[in-house]
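Number of protein chains: 2
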Amino acid sequence: MIIEKIAESKFNDSVFDSKVFGKNFTDHMLVAKYKDGKWDEPKIMPYGALEFTPAAMAFHYGQAIFEGMKAYKNENDEVFIFRPDRNFERFNLSAERLNMPTVPEEIFMEGIQTIVDLDRQWVPKNYGTSLYIRPTMFATEEAISARSSNEFMFVVLLAYAPAYYDKPLSVKIADFYSRSAQGGVGFAKCAGNYAASFYPTQEAQKDGYDQVIWTDSIEHKYIEEAGTMNVMVRIGDKLLTAPTSERILNGVTRDSLLTLAKDSGMDVEIRPVAVQEMYDAYKDGQLKEVFGCGTAVVVNSYNAVGFAEERAPIEILSDEESFASILKGKLRDIQYGLVEDPYGWRVKVGK
Amino acid sequence: MIIEKIAESKFNDSVFDSKVFGKNFTDHMLVAKYKDGKWDEPKIMPYGALEFTPAAMAFHYGQAIFEGMKAYKNENDEVFIFRPDRNFERFNLSAERLNMPTVPEEIFMEGIQTIVDLDRQWVPKNYGTSLYIRPTMFATEEAISARSSNEFMFVVLLAYAPAYYDKPLSVKIADFYSRSAQGGVGFAKCAGNYAASFYPTQEAQKDGYDQVIWTDSIEHKYIEEAGTMNVMVRIGDKLLTAPTSERILNGVTRDSLLTLAKDSGMDVEIRPVAVQEMYDAYKDGQLKEVFGCGTAVVVNSYNAVGFAEERAPIEILSDEESFASILKGKLRDIQYGLVEDPYGWRVKVGK
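For the record, the sequence lines run as chains A and B.
FYI, in full-length UniProt numbering the residues of the first sequence are 1 to 351.
FYI, in full-length UniProt numbering the residues of the second sequence are 1 to 351.
Quick caveat, the hints were computed from the structure, so don't treat them as lab data.
Some residues of chain A that are not near chain B, with every Cβ distance over 12 Å (derived):
hint: 1; residue: Phe11
hint: 2; residue: Ala304
hint: 3; residue: Glu315
The calculated DSS-like cross-link candidates involving lysine-lysine, where the alpha carbons are at most 30 Å apart (straight line), are:
hint: 4; chain 1: B; residue 1: Lys330; chain 2: B; residue 2: Lys19
hint: 5; chain 1: B; residue 1: Lys206; chain 2: A; residue 2: Lys35
hint: 6; chain 1: A; residue 1: Lys43; chain 2: B; residue 2: Lys23
hint: 7; chain 1: B; residue 1: Lys38; chain 2: A; residue 2: Lys23
hint: 8; chain 1: B; residue 1: Lys167; chain 2: B; residue 2: Lys19
The beta-carbon is built from N, C-alpha and C at its ideal position, and this holds for glycine as well.
Work the whole structure out from these sequences, hints included.
Structure below.
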């Protein structure tokens, strides 16, 4: 691995005062190029612009995938990344579906270790804050021909992630737009899935909602994801979530919360969740919680669900009563090293 | 419009000897930037690389759309673009669905007129060859946050398009993978649609086919598109094609061929075409032709169709008998200015 350090670090403490996610990049980025069927030696260099032709295939045909994970610092200034092995595995699953080369472990995992270690002063210590890690790969061949690219770039970016204020949001259940098709790319963390979701989300916002709960594209009868997150529903004291499938992202936070829920003795069911079942539960006063979960925000509780023409308010429970809050607390306590990590989820960075 | 001409043209006659599509770019490109809710003045400059940060949102969330059209030169060195108004209209429909700003007519249409005129020596004269025009727009804001970008770039690239050798291809009818969902982005010419199609196409190639005929994502019972083209089927002497929908691109070549077919007195039906109907026709010896149509190749005839486990050969008819050949000839004669253009499809470039 080639390491070209920045001449002078841009870091200063005011970085951690920012409230903006995804805009405050650290000193370095990692870049590896794929050409002629192989990856070149990855290079860590100062973060900044590179030269790309506007004919780079990613701009035209969208072969682009990414991952998101976080690094945390404990009281002893030790830095940990949460479950990077899961993101590595999913990244290469996405790569396969998008017909892109896989990224070898020594580039992905060692690359992330090295760059996070190099920029470790950028990892904040405050509970709720973290350093966001964004591995991405996109097509760079200079060609406007609708076929797979022969050249790709793998990049790792790091950006400060401020504490996310968990304001409850409202969600509209999709009854027209869809996020993914049977036989499509819904399970892959690919660029096109996100682009396709922005307009329907904006339309939901015009109707007074913050986000969309995506449903199956065939009949809109079963819920699949919420915004860019997995979605969980609590009916009575039962926690429900859809099984992962070719249409649903296999979320790391989803998996972690389900593990914690089961090990806490919660009643968990992983099965298709019908919109009608949610509506009936709402009418019976049994729709206790609906929340999204993902790396960026951990958990986002919803205080209203839009069923067709009916807006159903959901009372936000106290931190002691709310499954979302209980699970979020348990997860973050592990992430921040405040409790034991019986699952081996924390991976230490550097020595 | 700012025009910064190349110091010395890269053009030489050997450009027209190339057999490669989408790699031979002309002297110039047009670039316009969108920021703070408005487009800046478009600039024509020498074609080449620009600086982009790897955090540019197009690489992560795929807000990217494009168009494809062609310029032709007649014997009098007059240059014409084929139906650019249709591409302009579709470009902005794609922009809306992808939650991107629309591009004003004076940037899109005048921009294309100006750059094609400037690079008119790159427009070839040989029948079958042309200059390919690629308008594209993608998200450039430096942010890794899953939301719509606030900054975009509109670019027009020009590349020599060699004569396409119309080798018949074989196609497999999709029975697992899908191109687009109801409520999705299939009708938009957006980057993600292409990326999602490459792996299924490669899988079809492993089965001995060149391309995929996409079917509805619900039951795979009705055909929708072929490869990256619209698809037409001739059963007996009837020409069939699926109606455009939110899942199917509203192709300019498709529309032009349908117009020519109707005006030639062909029996044309625009309605859902069932896979079973095609199979039954094949068994009855009535499946005369299946072909894709699009700007890049005009028409691509298929000599075999894969129905589930059965590979159905289709005899390629003579140019006199083949609807595909007849329609292709009529269309190209208009494009190359060999016959009258009663439809007003040709738009002259410059004086």
